[in-house]
Amino acid sequence: MSNALHFRDARIVCPVGGERRGDLFVADGRITDAADDATVIDCAGKLLLPAIVDLGVAAIDRAAFRAGGIVRVGLMPDQSPVLDEPGIVQRSLLIGRPDLWIHPIAAATRGLLGTDLAEMAICASAGARAVGTGRRWIADTGVMARVLAYARDLGLVVVSHAEDSGLVGDAVATEGETATRLGLPAAAALAEPLAIARDLMLAESADARLHIRQVTTRAGFDLIRVAKRRGVRVTCGITPAHLLLSDNAMSDFRTFAHLSPPLRSEDDRQAALAALADGTIDVLCSGHDPRGPEEKRLPFADASAGAAGAATLLPLALGLVRDERVSLERLVALLSRNPAALLDIDTGALSLGSEADVMLVDPDAPWQISADTLPGMAGNTPFDGLPVQGRVLRLFKGGREIGAAA
Amino acid sequence: MPSPSDHRPASQIPGGAVFPHRHLTGIEGLQPHEITFLLDEAEGWIAANRGRATPDKRLAGLTQINAFFENSTRTLLSFEIAGKRLGADVVNMHAAQSSVKKGETLIDTAMTLNAMRADVIVIRHMSSGAVRLIADKVDCPVLNAGDGRHEHPTQALLDALTIRRRRGTIHNQRVVICGDLLHSRVARSNILALTALAAEVRVCAPSTLMPPAIERMGVTPFTDFDNALDGADVVMMLRLQTERMTGGYVPSSREYHLRYGLTLDRLARAKPDALVMHPGPMNRGVEIDSNVADHDRSAITEQVEMGVAVRMACLDVLTRRARGVEGWA
Numbered sequence: 001m002s003n004a005l006h007f008r009d010a011r012i013v014c015p016v017g018g019e020r021r022g023d024l025f026v027a028d029g030r031i032t033d034a035a036d037d038a039t040v041i042d043c044a045g046k047l048l049l050p051a052i053v054d055l056g057v058a059a060i061d062r063a064a065f066r067a068g069g070i071v072r073v074g075l076m077p078d079q080s081p082v083l084d085e086p087g088i089v090q091r092s093l094l095i096g097r098p099d100l101w102i103h104p105i106a107a108a109t110r111g112l113l114g115t116d117l118a119e120m121a122i123c124a125s126a127g128a129r130a131v132g133t134g135r136r137w138i139a140d141t142g143v144m145a146r147v148l149a150y151a152r153d154l155g156l157v158v159v160s161h162a163e164d165s166g167l168v169g170d171a172v173a174t175e176g177e178t179a180t181r182l183g184l185p186a187a188a189a190l191a192e193p194l195a196i197a198r199d200l201m202l203a204e205s206a207d208a209r210l211h212i213r214q215v216t217t218r219a220g221f222d223l224i225r226v227a228k229r230r231g232v233r234v235t236c237g238i239t240p241a242h243l244l245l246s247d248n249a250m251s252d253f254r255t256f257a258h259l260s261p262p263l264r265s266e267d268d269r270q271a272a273l274a275a276l277a278d279g280t281i282d283v284l285c286s287g288h289d290p291r292g293p294e295e296k297r298l299p300f301a302d303a304s305a306g307a308a309g310a311a312t313l314l315p316l317a318l319g320l321v322r323d324e325r326v327s328l329e330r331l332v333a334l335l336s337r338n339p340a341a342l343l344d345i346d347t348g349a350l351s352l353g354s355e356a357d358v359m360l361v362d363p364d365a366p367w368q369i370s371a372d373t374l375p376g377m378a379g380n381t382p383f384d385g386l387p388v389q390g391r392v393l394r395l396f397k398g399g400r401e402i403g404a405a406a
Numbered sequence: 001m002p003s004p005s006d007h008r009p010a011s012q013i014p015g016g017a018v019f020p021h022r023h024l025t026g027i028e029g030l031q032p033h034e035i036t037f038l039l040d041e042a043e044g045w046i047a048a049n050r051g052r053a054t055p056d057k058r059l060a061g062l063t064q065i066n067a068f069f070e071n072s073t074r075t076l077l078s079f080e081i082a083g084k085r086l087g088a089d090v091v092n093m094h095a096a097q098s099s100v101k102k103g104e105t106l107i108d109t110a111m112t113l114n115a116m117r118a119d120v121i122v123i124r125h126m127s128s129g130a131v132r133l134i135a136d137k138v139d140c141p142v143l144n145a146g147d148g149r150h151e152h153p154t155q156a157l158l159d160a161l162t163i164r165r166r167r168g169t170i171h172n173q174r175v176v177i178c179g180d181l182l183h184s185r186v187a188r189s190n191i192l193a194l195t196a197l198a199a200e201v202r203v204c205a206p207s208t209l210m211p212p213a214i215e216r217m218g219v220t221p222f223t224d225f226d227n228a229l230d231g232a233d234v235v236m237m238l239r240l241q242t243e244r245m246t247g248g249y250v251p252s253s254r255e256y257h258l259r260y261g262l263t264l265d266r267l268a269r270a271k272p273d274a275l276v277m278h279p280g281p282m283n284r285g286v287e288i289d290s291n292v293a294d295h296d297r298s299a300i301t302e303q304v305e306m307g308v309a310v311r312m313a314c315l316d317v318l319t320r321r322a323r324g325v326e327g328w329a
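Protein sequences appear in the order of chains A and B. Take 1 as the starting number for the first sequence in the UniProt record's numbering and just add one per residue. Take 1 as the starting number for the second sequence in the UniProt record's numbering and just add one per residue.
If we strip away everything but chain A, and leave its shape as in the complex, we get (with noise of 0.2 Å):
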């Protein structure tokens, strides 16, 4: 029998083609206008979108990706040992597939300490496909300038996370009434557009490509918004967190709230969907950094930062999409065509000749988010109790199917 397949039916988004529906054909891994002998995959008018493409993830966590419709991902380079040897990037590329395509971000700098530059070419040629700071900022300006510089040679995007590390100091939480109430050591959150006005300014004088992987304020918005105006090379992104929570959920001292950056304030929150909406976010990610409960059954400020989320990822997007704060075309874009993109890989749309990552999607079955089901490694999700709508059917690697979430 061959491996060809006959998706009957379905309501077909991607972000090149437009929406329709109809049927799609995939033959030796890639999609083709038509294909023999191929298997028939009902879909009764559910939706066929590109799989997801998950730029910046802490770590490789296969059931959460799988029941995420993620078949890619961008690996941050905060991984330990560090991604900064060709060895360790060439060992990350390789050990997810088939299932998975691993993407390295390797680091920017040596061990990622933000003082000596990394062996970018080298590790690009181990297979990483970006450089980056990890879940923190290069402080020293004349590195920062020299990453940009020498990764710009190299037609590598930098990954850049926007924090001002002197103004954050020590805190876990944005200068607010949730965190003074609490007392919890808190930042301004100014940090970030500090953070982000400097970067911009270093990337485009040294025209190099700059990625933020997660602006959250509007001042960071604002000054996006202007600099791509402007024609610097400038992408940003966001989770979902940050789009739907905002500084309150730390109330009680809710660990899973704790976030790098830290929840902001509900102004910016709406300047992030505003920010959404108008074009001036590129990637919707995860940020999916499973944390189990040594590190968050603790109090609120010694345990780790960071949330689950490549499970929850599709179904609080398409949440989203129903809420009208973006098309579903353009949804499918911020999860896998910009990413893609961004990562230089021929991937996350539905074109003729392109390799078929699909997903079967049922946007409207509903459940609940629950830290204690949740597909993966840890369940801490800022997300714990609440009702979704949207389940991945059917996964597709290259037209190989990686098994279902039910």
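Everything labelled a hint here was simulated from the structure, so no lab data went into it. Predicted model only: the values in this text are computed from it and were never measured. It is possible that some hints are incorrect.
Pairwise CB distance ranges (calculated) [unchecked claim]:
id, chain 1, residue 1, chain 2, residue 2, range
1, B, 61, A, 169, 45 to 53 Å
2, A, 252, B, 115, 21 to 29 Å
3, B, 92, A, 98, 54 to 62 Å
Footprint (simulated), chain A over chain B, 3 or more residues, beta carbon under 8 Å [to be verified]:
id, stretch
4, 23-34
5, 251-259
Computed far set for chain B versus chain A, every beta-carbon distance over 10 Å [to be verified]:
id, residue
6, 80
7, 119
8, 212
9, 213
10, 247
11, 294
12, 328
Using N, Cα and C, we set each Cβ at its ideal position, and we do this for glycine too.
With chain A held as given, fit chain B onto it using these hints.
Then chain B, alone, in the frame of chain A:
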């Protein structure tokens, strides 16, 4: 001598409805009448402590564990005396001699304390929220003796009791809290308690030590101490930790004294009979001059006395359900 609780109208409300909380993790969440109830209960213990006539060992046979993950002398001593006066078996656990140093997690420590069948646990910890975390995991009442920058409820209760006794009321009293508000759990609990009891609370600190959005807690912020003191009924000074006096938050202790030290001259801006308070330990000559601290308007030693009474009241009230006190079952 009547027991402290049976001549108070509030305590005659049956079913423990007058104080329905299992733990005391903070002032937040307490209703004004619940705070008043604790103050009334404490009132009864003051005379008992002074007289020492008939010992009341109502906590006899109960085990009180004072789990102090952060160094403390005064608060620990106060809780220990309070427990012993009530007849409890008091055990102190210091972080320095505990398995916390060996990497045991806070939850595991809590489970261990719980398994030892404590009847009440008093906790101090350096992280905000730590006490509530433990309270959720143990079967007995938990008393917060200070968690990070978050809350120190018994301090706020003893301060409120001191004010009520010395000024007659808390209602409409103009209370100025001055010092390192940013890092102070004493300030947060006091703000919550005093605003709940309808005092007018002013807070005063350099902007480097002022918590953001503090006005959302119902207080008026000042950076000029002289202006803040204008017409004050109570001046509550906070301790400035020595490590914060060396340039990180304020340039030096002498510059701090220049702007925020409570001197007799400054005190003249407050009402003539204004009360001076300090949670201790004091940095004499930094946030408060000796002649102010030792002035007859100073209530600083009285605060310490009230501390024992308030802690006795809290230990008593929180263990009533377990002891099967009538109406509290």
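Those earlier numbered hints the structure runs against, lowest number first | Violated: hints 4, 5, 8 and 9.
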